[in-house]
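Protein chains: 2
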Amino acid sequence: MGSVLSDVAKVVQEKTQVRLHKRNIERVISAVMTTGDFWEIVDRSDLPVPAASEIVKELISREILFVDDRDNILLTQRGYDVAKELGIYEIPDYSCQACEGRGTPFYADKELYRTFVELAKDRPKAIQDFDQGSVTPETTVSRVLFIDSRGDLRGKDVIVMGAEDDLTGLAIALTRKANRVLIIDIDQRLIDFDNAIIKELGIDNAEAMVWDLRNPYSEDLLQKFDIFITDPPETFAAFRAFIGRGIATLRDEGCAGYFGLTLRDSSIFRWKEFQETLLNEYGVVITDIVQDFNDYMNWEYHPETRAAQIAPVKRNPSGIWYRSAWYRIETLPGFKVWNEPISDDVFYLDEEGSTT
Amino acid sequence: MGSVLSDVAKVVQEKTQVRLHKRNIERVISAVMTTGDFWEIVDRSDLPVPAASEIVKELISREILFVDDRDNILLTQRGYDVAKELGIYEIPDYSCQACEGRGTPFYADKELYRTFVELAKDRPKAIQDFDQGSVTPETTVSRVLFIDSRGDLRGKDVIVMGAEDDLTGLAIALTRKANRVLIIDIDQRLIDFDNAIIKELGIDNAEAMVWDLRNPYSEDLLQKFDIFITDPPETFAAFRAFIGRGIATLRDEGCAGYFGLTLRDSSIFRWKEFQETLLNEYGVVITDIVQDFNDYMNWEYHPETRAAQIAPVKRNPSGIWYRSAWYRIETLPGFKVWNEPISDDVFYLDEEGSTT
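If you read the sequences in order, they're chains A and B.
Counted from 1, the first sequence has number 319 at position 308 by the numbering used here; the numbering is strictly sequential.
Counted from 1, the second sequence has number 153 at position 142 by the numbering used here; the numbering is strictly sequential.
Errors might be hidden in some of the hints.
No copy labels: a pair is met if it fits in one copy or bridges any two.
[Unchecked claim] Derived lysine-lysine pairs resembling DSBU-like cross-links, with alpha carbons at most 35 Å apart:
| hint | residue 1 | residue 2 |
| --- | --- | --- |
| 1 | K283 | K136 |
| 2 | K26 | K132 |
| 3 | K283 | K33 |
| 4 | K235 | K21 |
| 5 | K95 | K121 |
| 6 | K210 | K132 |
| 7 | K235 | K347 |
| 8 | K33 | K121 |
| 9 | K325 | K26 |
| 10 | K121 | K26 |
By construction, these hints were calculated from the structure, which means they are not laboratory data.
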């Protein structure tokens, strides 16, 4: 009976090319004990969508799960028997209601939060071309407070790279606490939006400019900042373009970088490879990994994504289901200034990704 | 003027053999803006005590800091001028008041918390021989809830290794949710304490036994568990004995390990070496690093520690100042079963450690 899980892992791995182990299957069964919603199952099982989808389909074909007429995914009687025999249980959610589990509550600076929400209401809509999907305003403000409480904001030169759909750069600028804020993004709409607000509010140490991170940085961006902040897609090429290049903007040792990494578009196996790149190649140390720090709002283009197309059910997400962990890294002596060009092959999407 | 920080870093590194960069000095100056208490300065600057102490002394000799007649450490007028010129500011604390910044509030299971507090009141006192110093009851219970919310408790075989001064093993046993709990520690007093409670409460799937982690595990402990939990001293030898051997108890891929690592007895440079060992040698991935998760109560033997002897002031700590980050790791295929003997040279204390 225990071999059911390994067996499903093997079959799904062959089908999807997403690396899996048997505990990934266990987590899906646990998740179904709590929710029938496919997108919540993805969230609770911390798996790439293609893998979660195929696992559900495989478990349906083995009569461990079934789908009811309202697109709810449920355990069959056989499913409950299997779970009991293998010792699989529901997993409780104990995350803090006050700070939404981040450890840093967004309302610790209510004025910043209110100002940000007012300004963000007219933000450009997320579009599929650039893998956009904004985090909640609570996430953006919590990021800023987290960064400030690590001594990485006041008096610092900060670059916010290629993730301005979250308006994190704007929120950093609004604090007026950094020495300098440079916001870069590929999307002209976001750059114009930020610059209009920056000008209107007379924030004279912040600016936004268009940049495609596939291109190497010019000399005036290399090793000129104390802090970088970004939120990459989870392909290797994007990891290099966003994180590698982020590290290259840092001036010297003891500087810090912040970014989100998700398990919804990347397996835990790939996370290990990302971590190896950080330590062995880029020469930085990881100081923080806070799971589920970044909550993403649903994007209008969801029905057009690969994720929606491969899902085992048609029902669209209703609540927040896409989350990422918040990483902080720190440079140490000898860290690498990586600034190669990147071809755009497999930049946004590969076998583990699906939400673009 | 900017060279003051690099200069101090260099001098102190030579004196203490603790690796430093100039931002470590910046952090000490920031900390002094918030508190005059040396132990709180260590806490806020995330530095090994010998380094923090020598930095304070060096900054005093350069007339950037001074000590008043109540053992408060303060900035001189010159110190304020230097801070202003270099753009050094106070760092705010935005950690959540509800969950104490952990993201997982201890009161999410009030019954477990109350039961634990009642039982722990008669716990054996922390002794210096074994580098003991207990975390707060709120920390212990939060650890259990964190582990449970990751799917690492219910139905699992759990080993709690060499850190039972925190009574984490007892707290795990009290939930009665694991399949099996094995608690090992070098201290007979703690083992007897746990076994008495386990027997009295009729918890029949838990047991405690004496073990010295410097010795290799016997076959009946290797690869027999789903989860290990520990809290090592920060020397390399102890890291291997606690974490390396912890990983060796895990049965297969997708299993998890939990442990604390502090920056009060270890530099960020050494953290990088620990992380390299985890990824490159042991073949595991890091899934969580939650800073300041573990709060340690002060230990009675503090005046006898090297930390107290080298501090720049005589005043003992009044509040919590010693914290550690909470790590979670996960095994992936090919992870290493490391089980070599360890000599006891430099097991508890080296150039960066001081609180034993």
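Outcome of the hint check:
1. K283 with K136: within (33 Å within a copy, 40 Å between copies)
2. K26 with K132: This pair counts as neither: shortest intra-copy Cα distance 42 Å, inter-copy 55 Å.
3. K283 with K33: Close inside one copy (18 Å) and across copies (30 Å); limit 35 Å.
4. K235 with K21: Only across copies: K235 and K21 sit 23 Å apart there, 47 Å inside one copy, limit 35 Å.
5. K95 with K121: between (47 Å within a copy, 27 Å between copies)
6. K210 with K132: within (18 Å within a copy, 60 Å between copies)
7. K235 with K347: within (14 Å within a copy, 41 Å between copies)
8. K33 with K121: between (44 Å within a copy, 33 Å between copies)
9. K325 with K26: within (21 Å within a copy, 66 Å between copies)
10. K121 with K26: neither (48 Å within a copy, 45 Å between copies)
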